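Q: So the protein lines, in turn, are chains A and B. Each residue of the first sequence is one higher than the last, beginning at 1 in our numbering. Each residue of the second sequence is one higher than the last, beginning at 1 in our numbering.
It should be emphasised that the hints constitute simulated quantities derived from the structure, not laboratory data. Keep in mind it's a predicted model, so treat the numbers as computed, not measured. Zero decoy hints are in this set.
Simulated restraints on C-beta separations:
1) B/Arg61 x A/Asn51: 32 to 42 Å
2) B/Lys42 x A/Lys78: 18 to 28 Å
3) A/Pro81 x B/Pro14: 41 to 51 Å
4) A/Ser66 x B/Pro40: 23 to 33 Å
5) B/Ala79 x A/Pro81: 48 to 58 Å
6) A/Trp22 x B/Asp39: 15 to 25 Å
7) B/Ile7 x A/Glu101: 23 to 33 Å
8) B/Asp67 x A/Arg16: 44 to 54 Å
Pairs of lysine-lysine, DSS-like flavour, derived with a Cα cap of 30 Å:
9) A/Lys83 x A/Lys11
10) A/Lys44 x B/Lys68
11) A/Lys62 x B/Lys105
12) A/Lys62 x A/Lys44
13) A/Lys11 x B/Lys42
14) B/Lys42 x A/Lys83
15) A/Lys15 x B/Lys42
16) A/Lys78 x B/Lys105
17) A/Lys44 x A/Lys15
18) A/Lys11 x A/Lys44
19) B/Lys42 x A/Lys62
20) A/Lys71 x B/Lys42
21) B/Lys1 x A/Lys44
22) A/Lys44 x A/Lys71
23) A/Lys11 x B/Lys105
24) A/Lys62 x A/Lys11
25) A/Lys83 x B/Lys105
26) A/Lys44 x B/Lys105
27) B/Lys1 x A/Lys62
28) B/Lys42 x A/Lys78
29) B/Lys1 x A/Lys83
30) A/Lys15 x B/Lys105
31) B/Lys42 x B/Lys105
32) A/Lys44 x B/Lys42
33) B/Lys1 x A/Lys78
Quick reminder that beta carbons are idealized off the backbone N, C-alpha and C, glycines included.
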Amino acid sequence: EAGVAQSPRYKIIEKRQSVAFWCNPISGHATLYWYQQILGQGPKLLIQFQNNGVVDDSQLPKDRFSAERLKGVDSTLKIQPAKLEDSAVYLCASSPGRVNEQFFGPGTRLTVL
Amino acid sequence: KQEVTQIPAALSVPEGENLVLNCSFTDSAIYNLQWFRQDPGKGLTSLLLIQSSQREQTSGRLNASLDKSSGRSTLYIAASQPGDSATYLCAVLSGGGADGLTFGKGTHLIIQP
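So here's chain A without its partners, still in its complex pose (with noise of 0.2 Å):
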């Protein structure tokens, strides 16, 4: 079974630049998670979507961050315009449902110079 997919793997950027991450879920699962890991610390959960709907968004900086599912698989997660502050590795994980175990990518690596 393949597992959850994200790209690019690295990016670089000048602030106030615009970047987008991908994510493809593993295959059945509805619930995709968008976490943000700043080093040194646990991942931070930024977004929830159940199928294409989104559950939740609390933590999500939603005047530069935004993200979809569209059609219930894929999804990006958007940042414009960036921060040095955004510098961290962005995870999407997948599970079957809200409270099953869950499945997480190689991430990616965002630095904002």
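Knowing the structure of chain A, use the given hints to seat chain B on it.
A: Chain B in isolation, oriented as in the chain A frame:
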């Protein structure tokens, strides 16, 4: 608001020793608890999932216990090997599953050959 604490933050032991990593959480109303392993520059690998109704789970040399009423979990690693060197993260699922996982900051483990 759920908070997760992991002790110790770092641990270095000789190969072959048995060791225990600790995790505590503030709100006992959880659905499940997951232990993850994270290698440098990589995503999270799920090691063990304990449902709230369970007391422990075992996989190979790993054993995780859960005491929900006291808000504690331990990860026991038997006969440690250099390949076990990684950061170990504890995470709990609470809030009706709508909050995603709440993570600790992790224990950075080094096994000396």
